[in-house]
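Novice: Given the coordinates of chain A, assemble chains B, C, D and E with the ligands onto it according to the supplied hints.
Below are the chains, spelled out letter by letter.
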Amino acid sequence: MSAPTGITRATLLKDLRLEWRSKDAINSMLFFSLLVVVVFSFSFDPSAEESRQIAGGLIWVAFLFAAVVALNQTWAREIRNQVLDAYRVSPAPANSLFIAKVLGNFIFVSALEALMTPLFIVFYRLRSLGPAWQLLLVAVLGTWALVVNGTFFAAMSLRTRSREIMLPLLLFPISIPALLAMVQATTSILNGEGARFWIVLLVSYDLVFTTVCLLLFETVLNAE
Amino acid sequence: MSAPTGITRATLLKDLRLEWRSKDAINSMLFFSLLVVVVFSFSFDPSAEESRQIAGGLIWVAFLFAAVVALNQTWAREIRNQVLDAYRVSPAPANSLFIAKVLGNFIFVSALEALMTPLFIVFYRLRSLGPAWQLLLVAVLGTWALVVNGTFFAAMSLRTRSREIMLPLLLFPISIPALLAMVQATTSILNGEGARFWIVLLVSYDLVFTTVCLLLFETVLNAE
Amino acid sequence: MKRAFPILGIVTAILLSYALCMALMPVTHIWIFTVGAPTEQTMGNVQRIFYYHVPSAWTAFILFFVNFAASVVYLIRRRPAADIVALVSAEVGVVFCTVVLITGPIWARPVWGIWWTWDVRLTSTLVLWLIYVSYLFLRRFSSSGQTPTLAAALAVLGALCVPFVYLSIRFFRTQHPQPVIGGGGSIDPRMLHVLLINWLAFSCFAYLVCWSRYRLEKLQRDVDEAHALESLLDPRGSVR
Amino acid sequence: MTETVPVTVVSVSNLIKQFGRFAALRGVTAEFSGGKLYAILGDNGAGKTTLLRTLAGLNQPSSGEVEILGASKFHDICQQVGYMAHPSLLYDEMSGMENLEYFARLYGITSGTRCAEVIRSVGLDPDLVRPVGQYSQGMRQRMSLARALLNNPKILLLDEPFSNVDLHSATEMVRLLARTRDRGKTIFLVTHQASLLEGAADEFVWMEFGKIVGRTRELKRPETAQ
Amino acid sequence: MTETVPVTVVSVSNLIKQFGRFAALRGVTAEFSGGKLYAILGDNGAGKTTLLRTLAGLNQPSSGEVEILGASKFHDICQQVGYMAHPSLLYDEMSGMENLEYFARLYGITSGTRCAEVIRSVGLDPDLVRPVGQYSQGMRQRMSLARALLNNPKILLLDEPFSNVDLHSATEMVRLLARTRDRGKTIFLVTHQASLLEGAADEFVWMEFGKIVGRTRELKRPETAQ
Ligand code: HEM
Ligand SMILES: Nc1ncnc2c1ncn2[C@@H]1O[C@H](COP(=O)(O)OP(=O)(O)OP(=O)(O)O)[C@@H](O)[C@H]1O
Ligand SMILES: Nc1ncnc2c1ncn2[C@@H]1O[C@H](COP(=O)(O)OP(=O)(O)OP(=O)(O)O)[C@@H](O)[C@H]1O
Ligand SMILES: [Mg+2]
Ligand SMILES: [Mg+2]
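Protein chains in written order, with my numbering: chain A, 25 to 248; chain B, 25 to 248; chain C, 6 to 245; chain D, 4 to 229; chain E, 4 to 229.
So here's chain A without its partners, still in its complex pose (with noise of 0.2 Å):
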């Protein structure tokens, strides 16, 4: 049997050949994201230092809805054929898929999140007064958070009736503290204020969810 790490970089490598070779995927989603964007600048016509009271906001939202749709079509090609089944007899540990599959999704959606960042930068003139760095480490912590869980919630929803609605319905409730914390340490980073609790908040329940996730993707994925 080789090494789970070798199963997930063989799964997450075939993913993004997939992906790459498709490219529908990619286009639809670089697409709509710049559509969220500029339906979001048509519907806030915010000046400079209003918009940067509510960027946060805006910016978090909009990858959330870019991400639940994404996420949405993480399990799809595996579910199509029934592949995963295939995956199931074989001898290959559930975890391996996960990681492979988280990987992929944090990926995909920070590529989106890395074209639409400029696009509202630009729409709402943002300028930070706080550390840019300190930006980046958000976007990665609170990217993580979501896709970490949105992973776990779209396997879920795969044992579910009207799969699409389901993801939303679990993934929302349970990301309202991430998000917050998104929000809040963007808002006060831009601000130039201190966001150390909001990181800290943010590194603790990465941990704590990916662990969780990581104990029960298995009985997630066995279950019928």
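Simulated from the structure, these hints should not be mistaken for laboratory data.
There may be inaccurate statements among the hints.
[As the list claims (entries may be wrong)] Straight-line distance between alpha carbons at most 20 Å, and here's what the computed DMTMM-like set of lysine to aspartate or glutamate pairs gives:
| hint | chain 1 | residue 1 | chain 2 | residue 2 |
| --- | --- | --- | --- | --- |
| 1 | D | 39 | D | 206 |
| 2 | B | 47 | A | 188 |
| 3 | B | 47 | C | 96 |
Specialist: Using the frame of chain A, we list chains B, C, D and E with the ligands on its own:
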């Protein structure tokens, strides 16, 4: 052949009955819209003055997201066992189906909005300075715009791969003028300014797009 | 065991009606007994909603905790009984939490002049309610035979979320009164007395509802099992 | 209640259907006379489904002509055609009766008893309240056939009605179809289990690579160029 | 390269599987010895698929025991089992070779030539670059079989490998399976087209309403109680 309106009524009744029978869809959509409101309130501090300014935009963006999720389910039932093909080989006119679906969605999305609006009002402590009936008018016109286009594009995106993501890609760009009009009208009315222009704009947008959708729907339905 | 149920039912009914009298009547002396609760000076009679608001909140919290414990037990031991306990406590907990969320705004409107404010206590109650409603949604929508497992996993995640909720909304300014017990708030001992009586009554009531619901669910599953057994014996493999 | 039917009910000439670069039908020319049961056979990807869907007006041919009952536009004769595909074309959430009642509206059928009549004719119980989603595969296929028979069509197009159906149900469906044919209907039936139709089918139509390569009275694959 | 196999490779005892109120398996008890090709037959809903999935560890039985190659936990012998379902269990977007390479990683197969070898053994070309989604149904079923054979399993579980496959491809698959059996593998095959397996199968296992109602050497439905 029974009259087209008879077929519309039969289809609408069938949809409503099935919706009512399962109730799952309704309940989950209600909960989803509640979650959207809550997520928005967490992201945009409702007690802040800035958030109050953008409430018009917030409401419509929230409606838009909820509507996209709802609209994505529109045709799900019809393509499950390719029942749509049964419709197509029958002598029933395509537009009867379209109108039935639009009406069904209109009822559904309006119900969502009727639920979300009080929550927004409570959470953001909104008070309208202008006449409230105008707000109702804007809501109806705006919802109709979203729903007509959304139903049409949902039918269009049936023919594409990665269906869920296609709907917003098609819907958002075309809806931007309508969205802008809704947001501006709502904000103006909330602030006690006149919204005449925007309402006229919405009415004409509705008229034009309803007509065009009706003209084109048969083509879209019969595209393989 | 069979006897305990009606006895508990009667006790609960007595407690509830006694508590109702206590809560709604101004202080009156009847012979040597003193019944009723003092009317609050600033808020007036509206304050009496307090005796429903607070016990409901405490009861809901206890039930959510039971849900968490039962879910963990289920994940480890896989006992169907644990699953039923988890389900039942979540259902009843959501009901009590809903009562809090309804009585709160009703109280807030005359007292604070607004229906809702973003305050720690209010917000965390709302999030808690959302989490457990989504739990019930999962249970309802799950199409697999493994609903209990999925639900237990979600319950654990949901419970873990609670401390984060408290931490993350700590900065919200507080308008809501401080906790009576263990907090900075102070309360008329007479009011406290009525409150505790009410709480006792509510707890008994919750326990009673949970118990009936537990038995109902148990019976339902037994019936299903009997049907399944019947279908095992039936030559065609299915009932009806 | 045998109906009189014209001699040639369906004629296709030089039918070509392309999906992108791929030609699923590569020039099909044939005439089919009424009151017969035609079994369309062929390997996977031979174009059987495509041919049937083109006859049912669900595919626009890239070129070529289709004439059914003398009309070249499908819309004019859609009342006369029944179509049954591999998926059931029914709402899973409604009972069989409710399904048929809805489709009856689409066809403008006002007779209140027609639905029950059709359901009975395929050997099901019209009073069954279970939703179609809970039917067994065999029952579902029958109900699907009932839907296709609802408007009492002159021409029936059936795509793999027996796949995943057990032998017993399949034989019964064949009997039902033979009876229907005897009442003067024309039936086109695509299947991979041709042996089921031995004796029942009037003609076997063999397709290969988007063409009709032979028509035989007996179940015997004709010698073809390839 | 015949392998020696233990006499009884699969034994199930009193297997019960319930879906809610419905019992799909109602006490299946049987022993199967190695190196044989078992054809599992039965009407729709008899529980064939459920039995196979239970053997493959994809369903947890409600009660009863499954022992495969002496182990009662599927995880211990998953290396020895190959499973092919009705859906292809392959990624439509990748070529056959890429698919197999990925699954080889999951099984920890390091041999670089194994994938090509398996693909060739089912009669396909390992160098084909077309994605599986564009394969014809027959090719796809073969590739799906190749996936099941990849880890050179001692036990093969195949669910309706011939459905929607044309006669020609199906006969070839049967030949391939017979060869595989001759190399000492045990094969369980669910199908509705039993006639294809006449001569090839060692034993026909008849299921009815969630029970095994008979096992025959010849393709002849046994007289059952009902
Ligand atoms: C608007 C929605 C409201 C919600 C969701 C809500 C929620 C809660 C909760 C969850 C508790 C129990 C907390 C704990 O024991 O730690 C509680 C207790 C309490 N609430 Fe509210 N509340 C609301 C409105 C109000 C209002 C308007 C008042 C009166 C001004 C009020 C007065 C109290 C008091 C006095 C307690 C007891 C404090 C304690 O012992 O903890 N609440 N409320
Ligand atoms: N919508 C489509 N887009 C692209 N190609 C298609 C489409 N529909 C069918 N084809 C191709 O056309 C060919 C004929 O398909 P068709 O479904 O008619 O075959 P068939 O004879 O019904 O085969 P089967 O026995 O497998 O059902 C196949 O190669 C198929 O891949
Ligand atoms: N996940 C499930 N949930 C509920 N019922 C199920 C489930 N899977 C199977 N069943 C039921 O169990 C019974 C046996 O199903 P199974 O798929 O094993 O039958 P089968 O013998 O493979 O039939 P077929 O020949 O149609 O494939 C059927 O009645 C089916 O409805
Ligand atoms: Mg076909
Ligand atoms: Mg099966």
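Novice: None of the hints should be skipped; say for each whether it holds.
Specialist: Each hint tested on the structure:
no.: 1; hint: D:39 - D:206; verdict: holds, 8 Å
no.: 2; hint: B:47 - A:188; verdict: holds, 16 Å
no.: 3; hint: B:47 - C:96; verdict: holds, 19 Å
Comparing the model with each numbered hint stated earlier shows that all of them hold.
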